[in-house]
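If you read the protein sequences in the order shown, they are chains A and B. For the first sequence, the numbering used here begins at 30 and goes up steadily by one. For the second sequence, the numbering used here begins at 30 and goes up steadily by one.
None of these hints come from the bench; they were simulated from the model. Honestly, I wouldn't trust all of these hints.
Covered by chain A, according to a simulated footprint, are these stretches of chain B (three or more residues, beta-carbon under 8 Å) [what the hints assert, rightly or not]:
| hint | stretch |
| --- | --- |
| 1 | 96-104 |
| 2 | 123-133 |
The calculated EDC-like cross-link candidates involving lysine to aspartate or glutamate, where the alpha carbons are at most 20 Å apart (straight line), are [what the hints assert, rightly or not]:
| hint | chain 1 | residue 1 | chain 2 | residue 2 |
| --- | --- | --- | --- | --- |
| 3 | B | Lys142 | A | Asp272 |
| 4 | A | Lys432 | B | Glu107 |
| 5 | A | Lys71 | A | Glu59 |
C-beta: ideal position from N, C-alpha, C; glycine also.
Residues per chain, in single letters:
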Amino acid sequence: MLKESVLYASVGDLAKRIQSKQLSPVELTESYLARSEKLGPKLNAYARLTPTLALEQAQIAEKEIRKGHYRGPLHGIPYAAKDLLAVKGIPTTWGAKPFADQVFDYNAAVIDHLKNVGAILLGKSAMIELAGGLGYMYASASLQGEARNPWNTGCWTCGSSSGSGAIVSAGLAAFAIGTETWGSIVCPSAFCGVSGFRPTYGRASRYGAMALAYSMDKIGPMARSAEDCARIFAAIAGHDVRDRGTLPVDRAAFTLSPAGDLKPRALRIGWLKNAWKERDYDPAVTKVIEAAHKTLLRHFPAVKTATLPEGPWEDAANVILSCEAGSSFSQMIRSGKVSELTDPQARIGGYVNLTISGADYNSALRIREILQQKMVELFDDYDLLVTATQPVPATPLNLDLSKGLAFADPLGGIGNLCGLPALSVPCGFTDKKLPVGLQFVARAGDDSAVLQAGRTYQQFTDWHRKHPSLN
Amino acid sequence: MNKKSGRLLSRRQFAQRAAMLSATASFVPAEVILPEASAASPAQDTQNSPKLSPEGQLEAESRYQQILSLYGNRFDEEQKSNLRRMCAELQPSLENIRNFKLENGDVPALYLKPLVEREKKPQPSANSQPAPGSKKP
Numbered sequence: 030m031l032k033e034s035v036l037y038a039s040v041g042d043l044a045k046r047i048q049s050k051q052l053s054p055v056e057l058t059e060s061y062l063a064r065s066e067k068l069g070p071k072l073n074a075y076a077r078l079t080p081t082l083a084l085e086q087a088q089i090a091e092k093e094i095r096k097g098h099y100r101g102p103l104h105g106i107p108y109a110a111k112d113l114l115a116v117k118g119i120p121t122t123w124g125a126k127p128f129a130d131q132v133f134d135y136n137a138a139v140i141d142h143l144k145n146v147g148a149i150l151l152g153k154s155a156m157i158e159l160a161g162g163l164g165y166m167y168a169s170a171s172l173q174g175e176a177r178n179p180w181n182t183g184c185w186t187c188g189s190s191s192g193s194g195a196i197v198s199a200g201l202a203a204f205a206i207g208t209e210t211w212g213s214i215v216c217p218s219a220f221c222g223v224s225g226f227r228p229t230y231g232r233a234s235r236y237g238a239m240a241l242a243y244s245m246d247k248i249g250p251m252a253r254s255a256e257d258c259a260r261i262f263a264a265i266a267g268h269d270v271r272d273r274g275t276l277p278v279d280r281a282a283f284t285l286s287p288a289g290d291l292k293p294r295a296l297r298i299g300w301l302k303n304a305w306k307e308r309d310y311d312p313a314v315t316k317v318i319e320a321a322h323k324t325l326l327r328h329f330p331a332v333k334t335a336t337l338p339e340g341p342w343e344d345a346a347n348v349i350l351s352c353e354a355g356s357s358f359s360q361m362i363r364s365g366k367v368s369e370l371t372d373p374q375a376r377i378g379g380y381v382n383l384t385i386s387g388a389d390y391n392s393a394l395r396i397r398e399i400l401q402q403k404m405v406e407l408f409d410d411y412d413l414l415v416t417a418t419q420p421v422p423a424t425p426l427n428l429d430l431s432k433g434l435a436f437a438d439p440l441g442g443i444g445n446l447c448g449l450p451a452l453s454v455p456c457g458f459t460d461k462k463l464p465v466g467l468q469f470v471a472r473a474g475d476d477s478a479v480l481q482a483g484r485t486y487q488q489f490t491d492w493h494r495k496h497p498s499l500n
Numbered sequence: 030m031n032k033k034s035g036r037l038l039s040r041r042q043f044a045q046r047a048a049m050l051s052a053t054a055s056f057v058p059a060e061v062i063l064p065e066a067s068a069a070s071p072a073q074d075t076q077n078s079p080k081l082s083p084e085g086q087l088e089a090e091s092r093y094q095q096i097l098s099l100y101g102n103r104f105d106e107e108q109k110s111n112l113r114r115m116c117a118e119l120q121p122s123l124e125n126i127r128n129f130k131l132e133n134g135d136v137p138a139l140y141l142k143p144l145v146e147r148e149k150k151p152q153p154s155a156n157s158q159p160a161p162g163s164k165k166p
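Chain A on its own, in the form it takes in the complex (with noise of 0.2 Å):
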């Protein structure tokens, strides 16, 4: 079993030791195996292993490595996949009852991506049911029970990439995949310290993912850096056919250097003063904010005030998402079986949100044209709009959340809304010892903006290197 430190190393580090021959592929497979079975159901981070798959994947890697085929930064590193990605002859749940035994042929694009580069499959993360597109009242809406965050196991890892977040923060697998619609991946990685990076809609294929909002989900990694974040994205970046959601061939793709550089440029931030009411912010996180604002200033040669635009963005992206979702999940609706999901507000969410008519979903529709415009301007003035990501810290496991977290969020409806992307990095602690995110967003295809952000930030700061104790 290889130290907790080695478990814990970024991507980057990692695979330097793997090219290097200074670390075998195969033990450090086992080693986080070893880790995901131990602590893995104490946190209900897996939805399952796949040790069989796992191991031929990490033998496959060490043979290629010795005979000097080395495939990149990716090669021999394994990770853990969001339960709504297809692994071909592998149970894909979808974090729901209805669904426990759905087995797929074939592997989501993003699973294919990751083996073509020699990343390892260690398992399926746990998941909000249906990825929340039905709404939920508790943590506990997934087939795995409540995912518990490392961080304090009586406390939530917030959702959908529930399992996704617990598994990086516990240093159980050297990276995650997560989707999100609307804060499925920027919650669970504020909530559990690690760095969480949702792309700009259409840069990965959703080939073999769980549609919940069609013209909403995105597909992203989450990891220990905003440079392990690049280096993953660079892997799972591209145009497909077969999601007619991506974007044009040189527009979708992403490439990193192999020096990983993020072409730095000067960046203007615009630290936002109404992404949050100050009645929503936790004081305790308010401090931690404050104090991640100073290290902006320090660093960064641009950082003014920004103010979102006001309007009815947050309504019109839940009117396109409860619409969206509806239609994703309408048999399952209609046929009453949504009645088996664990969720109380889940099984009863998709009737209401098929009685939206066709004009309010258009008129949703429109309003996002505008607001498309309206962002554009913004980012004349500025490259990145920055904020915390979440303004409180992980909450009780039996919250009821739609209470508890029911704060208004407009950047995230208008981040998620405009398929901008956006990227969470840790940056300070509650005196509870629980993490706070900070939140870089970007204009649509300027995902290198939030990257080199991230990257600038974590030179700076060590917040991404903490790690719970969990022995």
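Fit chain B to the known structure of chain A by using the hints.
Positioned in the frame of chain A, the structure of chain B alone reads:
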């Protein structure tokens, strides 16, 4: 459609009922078309529900009744109460969208196309010539 339902509706019946509800919602009192609405606690009175205008309340209630008319036998009383609350909670979002000023020419982002870079209107070049054979209609 739930086979256990004692009042199955054909697609046409459903469409007629839905159309009737939406067409009459703006000027007919709820209790006229929805007898249950006046007997049971309306959306406005449900605990934690948003404050709605009478019209908004009526519309939310009609959505709730629409669900009950199709799937009513699937829910217990607590679920019905929650459904009624959720129908009411949806109403402000719909009204905010409807109150937003949209011009006739404002087009929908039918399939999200992120504005990766600002799109410019193509400028006709100075020496542009009509294609050979092109004619005005």
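Against the structure, the hints:
1. Only residues whose C-beta sits within less than 8 Å of a C-beta in chain A count toward coverage, and the stretch 96-104 of chain B has 4 of them, enough to reach three; the restraint holds.
2. Residues of the stretch 123-133 of chain B with a Cβ under 8 Å from some Cβ of chain A number 7, which satisfies the need for three, so the listed coverage holds.
3. For a cut-off of 20 Å, the pair hint linking lysine 142 of chain B to aspartate 272 of chain A stands: about 13 Å separates their Cα positions.
4. With a CA separation close to 18 Å, the supplied pair lysine 432 of chain A and glutamate 107 of chain B stays within the 20 Å bound.
5. Restraint check: the Cα-Cα separation between lysine 71 of chain A and glutamate 59 of chain A comes to about 19 Å, which is no more than 20 Å; the hinted pair holds.
Taken one by one, the earlier hints all hold for this structure without exception.
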